[in-house]
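Residue numbers (our numbering), protein chains in the order written: chain E, -7 to 198; chain D, 25 to 104.
Fair warning: there could be bad hints in the mix.
Claimed, not checked - Estimated spans, in silico, between C-beta atoms of each pair: (1) Ser82(D) - Val192(E): 20 to 28 Å; (2) Ser82(D) - Cys34(E): 32 to 40 Å; (3) Gln106(E) - Ser92(D): 29 to 37 Å; (4) Asn95(D) - Glu96(E): 47 to 55 Å; (5) Thr50(D) - Glu102(E): 48 to 56 Å; (6) Ser152(E) - Lys87(D): 43 to 51 Å; (7) His54(D) - Val129(E): 29 to 37 Å.
Unchecked claim - Heads up, simulated SDA-like pairs for lysine to any residue below, C-alpha to C-alpha not over 20 Å straight-line: (8) Lys98(D) - Thr159(E); (9) Lys98(D) - Ala11(E); (10) Lys75(D) - Ser176(E); (11) Lys30(E) - Gln103(E); (12) Lys96(D) - Asp37(E).
FYI, nobody ran anything at the bench for these hints, they're computed from the structure. Just so it is clear, CB atoms sit at the ideal spot from N, CA and C, and this is done for glycine as well.
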Amino acid sequence: MIAVMPTVDGHMLDKEFFADQVEANLDRFYAHAILMTKNEACAEDLVAEGIAKAWKAVDSLQDATRFVPWVKRIMTNHFISEQRKASTKTRHIEYHEEFSEESEPFSLFEQLHQPFLLWWGNPEKEFLDDLLQKDIVAAFEALPENFRIAVLMADVEGLSYPEISDTLDVPVGTVRSRIARARSALQKQLWDHALEKGLVDQEGED
Amino acid sequence: MSEKPEKLACEQAIKMILEYLDNELTEHDHVAMNGHFETCRSCFSRMEFEKMLKDKISALPAKKAPDSLRNKIKKVTGKF
């Protein structure tokens, strides 16, 4: 007998469909897990645990076309709850939740933009062209965890703020401020990195 | 004549650029931003820059799942 799971809207989701979907999207799940865990072994575990959880919760998948985001969300939730468990023991997680209105967000554009060069060059674009993917990954990985996850969900997953709020179980305002702060921190990281590597000249500064 | 949306100052526009790119502004604000970009080259360049950076982040690593994971998953799905 084949195990058949009915979903809420009446469609039947069977074991074969589930296994095929997992197989077809495994790279995407793994990439998501790498960005969350920053570690290949942990990423493997996260994918395996996430998929096992997803199967158990298959009743909650209301729309089979949303399989990938649904599994990613389960993985994200699993990762967060594991982190919370770990943090009550020894792990230190930075939570800078208060959004200080006075602190101006750091803007790479402001550092790079030179209005008088408008017609001769495009230093902002050149800067981005010189950035390697590994530079961005390094800056991304240096973010505190809750910020990294917020940017990951917004920029890599393309989720809306309400969807992120729903997944993380925090208010939309918190999502908004985390994303804003995360991007500011990310841009600061990239700027510092560029200065270190001599990708930009710092004129007239100490 | 249709009513013109109120003009945005650059300072306001800059604050909204990232949420504009995330499509998280109200329709009213989104339209006002579009209007601002038509007339303000500096804010338009800034928006383009932020968009390029966002696109770079969106394209973060497409790592392939290793065989060890594929095997592990087969064992998991095989048990169902």
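Check: Per the hint of 48 to 56 Å, is the separation of the Cβ atoms of Thr50(D) and Glu102(E) within bounds?
Finding: The hinted range 48 to 56 Å is violated for Thr50(D) and Glu102(E), with Cβ atoms some 26 Å apart.
- Task: Sort out whether Gln103(E) lies within 20 Å of Lys30(E), counting only the CA atoms.
- Result: 29 Å, violated
- Query: Measuring from beta carbon to beta carbon, are His54(D) and Val129(E) in 29 to 37 Å?
  - Reply: 31 Å, holds
### Query
If you check the beta carbons of Asn95(D) and Glu96(E), does the distance land in 47 to 55 Å?
50 Å, holds
Val192(E) and Ser82(D) - C-beta distance against the hinted 20 to 28 Å: 24 Å, holds
Taken at face value, is the distance from the CA of Asp37(E) to the CA of Lys96(D) at most 20 Å?
-> 9 Å, holds
Decide if the proposed pair is consistent with the structure: Lys98(D) and Ala11(E), CA atoms, cutoff 20 Å inclusive.
Since the Cα atoms of Lys98(D) and Ala11(E) sit roughly 8 Å apart, the hinted pair holds (cutoff 20 Å).
**Agreement of Lys98(D) and Thr159(E) with the hint, judged by alpha carbon distance not exceeding 20 Å** = The hint is violated at about 27 Å.
Quiz prompt | Satisfaction of the hinted span 29 to 37 Å by the C-beta atoms belonging to Gln106(E) and Ser92(D) | solution = The hinted range 29 to 37 Å is violated for Gln106(E) and Ser92(D), with Cβ atoms some 50 Å apart.
Can the suggested window of 32 to 40 Å be confirmed for the beta-carbon pair Ser82(D) and Cys34(E)? 23 Å, violated
*asked:* Is 43 to 51 Å respected by the C-beta to C-beta distance linking Ser152(E) and Lys87(D)?
replied: 25 Å, violated
Would the pair Lys75(D) and Ser176(E) pass a check requiring their Cα atoms to be no farther apart than 20 Å? Given that 20 Å is the threshold and the Cα spacing comes to 14 Å, the pair holds.
When held up to the earlier numbered hints, the structure conflicts with 2, 3, 5, 6, 8, 11 and fits the remainder.
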